[in-house]
Each structure stands twice: as structure tokens, then as C-alpha cells.
Amino acid sequence: MSVFDPGKSSMIDSPSFSTPATRNWPTLAELRRRLTDRWVFALLLVIGCVVLTLLVLAPLYTLLSKSVENKAGEFVGLENFAHYLSSGGIESAFFNSLWVAGLSTVIVVSLAFMAAWALTRTRLPFTGWLRGVLVLPILAPSLLPAISLVYLFGNQGVLKSWLFGAEIYGPIGIIMGSCFWTFPHALMILLTAMDNADGRHYEAATALKASPWRTFWTVTVPGARYGLVSAGFVVFTLVITDFGVPKVIGGQFDVLATDIYKQVIGQQKFEMGAVVSVLLLLPAMLAFIADRYVQRKQSASFTARSVPYRPRQDRMRDAIGALMLTPTVVFIFAIIGMAIYASFVTFWPYNLQLSLNNYQFGRMDGGGWGAYINSLKMALGTMLIGTGLVFFNAWLMERTPQPKLLTGVFQFLSLLPLAVPGLVLGLSYIFFFNHPDNPINGIYGTLFILILCTITHFYAVSHLTAVTALKQLDQEFEAVGESLNASRWRVLFTVTLPLCLPAILDVALYLFVNAMTTVSAVVFLYGHDSQLASVAVLNMDEAGDIAPAAAMAILITATCAVAKLIQGVLRFWVDRSTRAWRQGME
Amino acid sequence: MSQKTQGSRLEIQGVNKFFGDFCALKDINLTIEPGELVCFLGPSGCGKTTLLRIIAGLERQSGGLLHQGETDISLKPPRERDFGIVFQSYALFPNMTVTDNIAYGLRSIGMPKAQVRSRVDELLALVGLEDQASKYPAQLSGGQQQRVALARALAPTPGLLLLDEPLSALDAKVRHHLRSEIRSLQKQLGVTTVMVTHDQEEALAMADRVVVMNNGVIEQVGTPLDIYQQPASAFVASFIGAMNFIDSSPLNGQRVKIGNRELDLIRPLPAADGCIQLAIRPEDVHLLPSGDGEWEGEVLALDYLGAFIRTHIRLSDIELDLVVDVDPRSARRLDLRVGGCICLNLPSDALHCFAA
Chain A
1 MSVFDPGKSS MIDSPSFSTP ATRNWPTLAE LRRRLTDRWV FALLLVIGCV VLTLLVLAPL
61 YTLLSKSVEN KAGEFVGLEN FAHYLSSGGI ESAFFNSLWV AGLSTVIVVS LAFMAAWALT
121 RTRLPFTGWL RGVLVLPILA PSLLPAISLV YLFGNQGVLK SWLFGAEIYG PIGIIMGSCF
181 WTFPHALMIL LTAMDNADGR HYEAATALKA SPWRTFWTVT VPGARYGLVS AGFVVFTLVI
241 TDFGVPKVIG GQFDVLATDI YKQVIGQQKF EMGAVVSVLL LLPAMLAFIA DRYVQRKQSA
301 SFTARSVPYR PRQDRMRDAI GALMLTPTVV FIFAIIGMAI YASFVTFWPY NLQLSLNNYQ
361 FGRMDGGGWG AYINSLKMAL GTMLIGTGLV FFNAWLMERT PQPKLLTGVF QFLSLLPLAV
421 PGLVLGLSYI FFFNHPDNPI NGIYGTLFIL ILCTITHFYA VSHLTAVTAL KQLDQEFEAV
481 GESLNASRWR VLFTVTLPLC LPAILDVALY LFVNAMTTVS AVVFLYGHDS QLASVAVLNM
541 DEAGDIAPAA AMAILITATC AVAKLIQGVL RFWVDRSTRA WRQGME
Chain B
587 MSQKTQGSRL EIQGVNKFFG DFCALKDINL TIEPGELVCF LGPSGCGKTT LLRIIAGLER
647 QSGGLLHQGE TDISLKPPRE RDFGIVFQSY ALFPNMTVTD NIAYGLRSIG MPKAQVRSRV
707 DELLALVGLE DQASKYPAQL SGGQQQRVAL ARALAPTPGL LLLDEPLSAL DAKVRHHLRS
767 EIRSLQKQLG VTTVMVTHDQ EEALAMADRV VVMNNGVIEQ VGTPLDIYQQ PASAFVASFI
827 GAMNFIDSSP LNGQRVKIGN RELDLIRPLP AADGCIQLAI RPEDVHLLPS GDGEWEGEVL
887 ALDYLGAFIR THIRLSDIEL DLVVDVDPRS ARRLDLRVGG CICLNLPSDA LHCFAA
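These protein sequence lines are chains A and B, in that order. Quick note on the numbering used here: the first sequence kicks off at 1 and runs consecutively. Quick note on the numbering used here: the second sequence kicks off at 587 and runs consecutively.
Careful, some of the hints might be misleading.
Okay, the calculated bits of chain A under chain B, using three or more residues with CB under 8 Å as the criterion [said to hold, decoys possible]:
| # | region |
| --- | --- |
| 1 | 52-65 |
| 2 | 477-488 |
| 3 | 491-505 |
Negatives, chain B to chain A, calculated, CB over 10 Å [unchecked claim]:
| # | residue |
| --- | --- |
| 4 | L616 |
| 5 | I671 |
| 6 | A677 |
| 7 | Q725 |
| 8 | S766 |
| 9 | G845 |
| 10 | F940 |
In short, the hints are calculated from the structure, not lab data. The beta carbon of each residue, even a glycine, is placed where N, CA and C say it ideally should be.
Just chain A, with the same shape it has in the complex (with noise of 0.2 Å):
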């Protein structure tokens, strides 16, 4: 033990550190110190908080501002509001937006809760495979389901007699194309909330004799309660926000968030555009914060003491479980299949011999291939700028010392995203970015503003998803760090980066994924030089080249697809070189 013996005073003040007392600007060891100063992590929230305010708070301010100012720009009050009211447009678009909102969370909530329970409480085969295809939908944008419904019920549809003369443009057909792409919302609610089920509950319900129907009122249906309130709380605001599904299979049924496209690029009202804005952030507000409220009273209740719980065999319930799975999927696979089939058909209905024609975009309106490019562009520089700033930001508020405020008031900016509509946002945007007496309002028509916009859209999620990465390591990395002469930042670039790989992995594939199918944001901010593929395919539905638009959606769901398959390798390479540490971890 004698052969090493520093002097931790001689360590503090290693030669290679110190320089002549002379100079008068700090030593490299007196900046390395400064950088963990307390007020240096403060001052990167400050600034973290700063800048959520210019891209959520600050834009939705002119909105509501705008809101209540005439096309002049003085201030009217609530006459705009009166004006809207009087036209009659409260009866029609709000009243249809609350309604198919509401029906489709009822048949969305009920058909996710009924998979969630044939995957987690029977012993189906594939249950792997089920997972990946009731989630496909989540890699297509809106306008893929509303595109293929059209093909399968449309005036010219496949299964058009399947409606007995009922309409498919209106709020059937709002309401299908909702439930295809709200789907897997619902259901990775539902499967958090029920995967870690107690075993030893069950074991109670059976040694009290309850009966099987009895045990899933008493037992299953009240663990995933929350789960239930918390999936009709998102897919009640994703419904009632959607823009692209009511856009092309919407018909003459005014729902707020096409009367707000309408109002905006139609008849170029933007005062009118911001106050159904407003309307539409009322309920997605209101969604938002009963959902919050919800969220707090849940606590834990899979504790470290549970024991999983693992279905008996039971073929009675295991074919139930397949009853309850199949609708579902075969409703999956019709509507992607539909939109695959009629991309490759050469001229519907007349000509179906397959070939590559829709896919030649060059020849289309809406910035064809550029505009794929572009998508790419965007999609790809918003998972690498938005997941560096999440897991920066999220970093700094989880495993740093913060006051309370400060870490209070980030909290609430991180998560006002989820509240606002992304059309709401974009519109929002104009008013702020393309204001004249904006310094950069440069950006306005570039790439770079459709980039702050979709991360800003999604950052709520992908922030929960780091502070719950973040959370789950040990609390005191940084204090056995400080104590081993190791800073916050070194502790952070070997351990908490490493541990956090994974989830880091997941919030790239999100940013990525929703960039590249979002439409009701950017709608308002793409340039010429800024086309986007999702738009391209709103574009070209709307012109009336509806084949080529579902050739692009699927090109869209397939370079999806792709990232998802990349994400997927990395995670098991992830896994497989970590595997022997994680052993015994959860």
C-alpha cells in the first residue's frame, strides 16, 4: 500500500494543471471548477427556459393577441369571437370537432384496452408480432388512413356497398381514419399500465373464489384505470387536433381544425384563424390538465416487492384474446394494404395493372421529389438537434442542483406542448416569426423554422421520456462523482449518457418519425424551397392526383419503417454488449 501516496492537496494542483500565477486569466484548472459552479447549471436552465419561451410561450402570446386585434392590428376585444359566434360556426365545426372527438375515443379507448388485455392476460403465440403490427400505424402519417378509405369506401370504392348508402366523406369516415392512427397511442398506454400487473392480486382474487369475470372487474380493470382515463385524455386531443384525416375525407363536415386551414390559407382571415385557434386550444387544454391531475394521483402501485404476473393456460380465454385482436388487426392491414395496392395501380379503376407511375413524382404538383428530400432533411435534423437539447435540458433539471422555481417553471414549459395543437402552433408561428420587427424573422420559409417547430410539437413526450430515463438512476451518481474528484459533466459523459442509451435511442426514433409524418404544423410554415413530403401528399390529394398522394404516403411510412428497423438494430446491439451489466437491473 505504500507504493502510491498522493497528497490530495498535490492532486487538486497536478503540474500539468497549473500555470504561473502571473497570468491573469483563469487557469484550465480554475475553468474546469467554474463549469460546475452551481450558478453555471442555474444559468443553463435560465437559458434552456429562454429559449422554450421563444418557441412556445412567446408565439402563443401574438396568437391570443392576434386573436383579439382586428385586421388593422388595434385592439377590438372579444368582437372577432362575436363575429365567429354569429356566422355560425360554433354550432357547426366546434360541436362536429367535440363529438367525433368524443365517439372515436370511446371506440379507440375500448378496441386498445381489448388487445391490451389478449396481449398481456393470455398466452397467445406471436404476442411479439401482434405488438409491432397494432403499432404500424403510429409510422404513417394521418392522411395515409383517410386515403385508403377513400379506395376501400370512396365513390369508386372496393367495398363502397359495405356502407348500405351511407356516405364515407363526413364523420364516418372522420372517425375510421382517427381510430387507424390514434390506435397505438391508446395501446402503449394501456400496455404500460398493464404490463407490470401483480401477480399475487390475482392469487387472491382466486383463492377468494372470485370468478374469472369477477376478477377482471376487481383486479384487472382497476389496475389499468388510469391507463384507460390517461389514453382517452390523448386520443380525445389527437382526434380533435387532427388536421390531415377531416382535410381529405372530411367532405362538407366543418370540424375546427379544417375551418382554421380554411380561414388561414382559403380566405387568408388570420385574425379568424386565430380565434378558432383559440376554440380549438380550449379543449386540448382542458384535456391536458385533467390528464396532468390524473397523472399525480397515480402512484406506483407495481412495487419492487410485486411478483409479475403470468397468465395460466387457458384456450377458453387464449381464443377470446385472438377474437378481441382480430378486427383490429384485419382493419390494420386493410387500410395499409388498401394504400399499397392502389399506389402501384396504374389508372383507378379503369386500368389496374400494377406499375411504377405514381411514383413519379417530377411530374406532379406539390415539390415532388425535392419535397422527400426535404422531409428527410427536416427529419433528420430535428432528431439530432431535438434529442441533444431534450436530454440536455432534461438532464440539467434532473441531475443538477436547480432551484425550485427554476426547475418548476422548465417543467411547465417543457410540457405546454402537449397542450397545443400542432395547427394552432404552427399558425402561431407565423404571427411571431414572420412578424417585420422579429430580428430573425430570417428563418421564416426555411427549413430551420420547420425543424424548431416539429421539435417544439414534440417535445412534451420525448422530455417525459428522458426525466423518466433520468429519474430511474441512482440519486447519488453525482455525489459519489463530486466525492471521487470526478465533475457533473465527466459523471455525465460516463455514466448517465451510457445507462441512458436506450431511452436516448427512443427519443430519436420519435423525433424522427412524427417529423416525418406531421402535417398540421408545418402546413402554415413550409416555403418554396421547403416543401415537405406530408404536405406534398395533402397537395396532391387536393388536386386531385390521389394515387400519387398515396405513393407518398407509403413512401413515407416506409423510410418510417426503415428507422424503426435501425432503431430496432441498434437496441439489440445496445442490449447485447450491455446485457451483462444490465443482468439483475429490473
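Got chain A sorted already, so can you dock chain B onto it with the hints?
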């Protein structure tokens, strides 16, 4: 392993800590001598962990000074203090092998590779984990993880070792074994050590001195023997070991009155106007065959606890229940059974008295 690191002296002067209006620590004064092992002992919420975190610099005191050796460390951030720490959760880095965990602190100070390797080997030998060097924490047992955490904390030869409930996550058998292992390691290295625990047995078995804390103040500082035999307050007396309390009223001099009987004490009475609490340990009460002692009682219940029998006795004339520990042989001799009559003496040299 002949090397002795000189542990540093730690001086805590008038330390206070407030969380809002709540006073977590009140005017703490304590000096810890080089090479000493001191235990902070107390119920949860007594402030012992807060004091440890203040010593580490992980928490900033609201007032007061801290000196380590000659250096004033009161305002220094943790990185500039000289200590190693082991947490209850160990906080081992799960993505690093045992070797990398132990080497972590050495690499942060830029120690040359060869030296790191030999120092890590030394520590692995010291904690007896040579054959586990390339394993990851998740592949080790709880006791082994604990030793890795200890080796990691000791690697940069700190002058001060801080242990925050280091044994409470382990099962009883491993805990007993590691208790003596940590103690002998600490003695061998001579590193000044502060350990926080709520387990009195652990504190009494390991510490040179025990600091008993309650409600943010130090109730008593002393050797384990002092603390057990001469508790400075009723709290210490009741917190450490078992104790019978008897209410009494002071008469003149060293006489007190219990019920309608009077008793002479050999210790001076504490200054108190009203009631005085007498206290006696269960093993200090003398049991005698019926009719032979000063006090008459009835046996209410007998708990067989292995090496001794815990006897619950009601003293009929003052309506007081006492707990008395008896070894099995005496119990047979006295013919102890539930409902039986028994006599007992309260030896005055075993009676403590506290102001009520």
C-alpha cells in the same frame, strides 16, 4: 498491508441547518479525532444524515464552521473536500466493471495507468475481491457490492471516510460479518470515519464513540460503554437498549418516594421541581424467591428469547409494570411461571435518575 494513512481531524463548530422554518440541526459542536470511528445514531428524522451530507458538502449548512485538519472547508464544494463516501444504495456505476468502478476516482485525478492498476489491485486484495475484478455490479451479491463501494471510496486515500447507513440494505448474517470487516479495515488504514446508522447494535459494536442525536440536537457523545451505562438523558436511556422507567417524587437529599415507599439513591438528584424519573435496565433488577425481597410482584408474562427470558412483572402495591431479563437457570431456580408471585430488589447503584 502495513501502510497507515493518517486520517484527518474534523471539527464541527456551531453548525445549524434550516429547511424553511424547520430546524433540522441546532448548534452542533463536535470534534472527531484522527483515525477515530464515530457513529451518528438516532431515530429517522433526527438530522444524522443531514449532518453527514453537510460534512461532505452535499448540503450547505445554514450557519457554523467545519474544519478538516487545518483547512476551513465550511464553504468548499464537495469536489475540493477530501473524503470518500459509501451510500446506502452504494451507487455503484452499473455500466462499469468492479475494476473501473474502483479506478474511477483515480482516473479523475489523472493518475498514470500503471499506478491505477497497482492501486486497484491493492484495494481488490484489501476487500478480498481479486477474483471478481472484471464482473459488473449486477453480477455481485449485496455484500460484494458493498465492498466494491468501500474500495471505490478508499481508492484515492481520503483522509475522511463517510458511511451513510452502509449495512442496512444487507441481510442480517452478511451485516454481522461486514460489520467487523469494515471495522478492522478502518483500524488498519487509520482513516477517520463517520458512519450514520439507526441500528444501535451496529453503533455500539463498531464505534469508538457514539453520537446520539434526536430532533436536530446531540443528546450525548461517548464510548459505547458510556452511552449504555451512563445515559445522559431519558431519551438516550430509552433509545439504547431496553429500560424500565419509574415515576417518583424527590424528598430531601438523595431520597425519593415511589408510591408510598421511600428509597435512597447513591447518585445526586437532577435539579427538578416536580417529578423525577428513575430508570433501571431489565438485566439489573434482582429477582428473589417470594417473601425475600423489598418489592412484591406477580408474573404477568414470560417471553422466551433464547439466551434469556424476558419477564413481565406487575408490582402490586404501586401498580407498575416492570420488564426483567432472567437467565434460564435462575428462572428455574425461582420457579418462574405466569401468575406466580415473585420478589425483587432495585439495586441503588443500577438506578439512573432523570428530570421528568
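Structure-based check of each hint:
1. Check on the region 52-65 of chain A: 0 of its residues sit with their Cβ under 8 Å from a Cβ of chain B, so the three-residue criterion for coverage is violated.
2. Counting residues of the region 477-488 of chain A whose beta carbon lies closer than 8 Å to any beta carbon of chain B gives 10, which meets the minimum of three for the stated coverage.
3. Counting residues of the region 491-505 of chain A whose C-beta lies closer than 8 Å to any C-beta of chain B gives 4; at least three are required, and the coverage claim holds.
4. Distance check on L616(B): its Cβ is at least 21 Å (rounded) from any Cβ of chain A, clearing the 10 Å threshold; non-interface status holds.
5. Interface exclusion of I671(B) from chain A breaks down, the closest Cβ pair being 5 Å apart, not more than 10 Å.
6. The claim that A677(B) lies off the interface is violated: its Cβ sits roughly 4 Å from the closest Cβ of chain A, which falls inside the 10 Å cut-off.
7. Not every beta carbon of chain A lies more than 10 Å from that of Q725(B), the smallest distance being close to 6 Å; the non-interface claim is violated.
8. At roughly 21 Å, the least C-beta separation between S766(B) and chain A is larger than 10 Å, which holds for a residue marked as non-interface.
9. Listed as a non-interface residue, G845(B) keeps its Cβ farther than 10 Å from every Cβ of chain A; the least gap is roughly 49 Å.
10. The beta carbon of F940(B) sits about 39 Å from the closest Cβ of chain A, which is more than 10 Å, so the claim that it is off the interface holds.
Checked against the numbered hints above, the structure violates hints 1, 5, 6 and 7; every other hint is satisfied.
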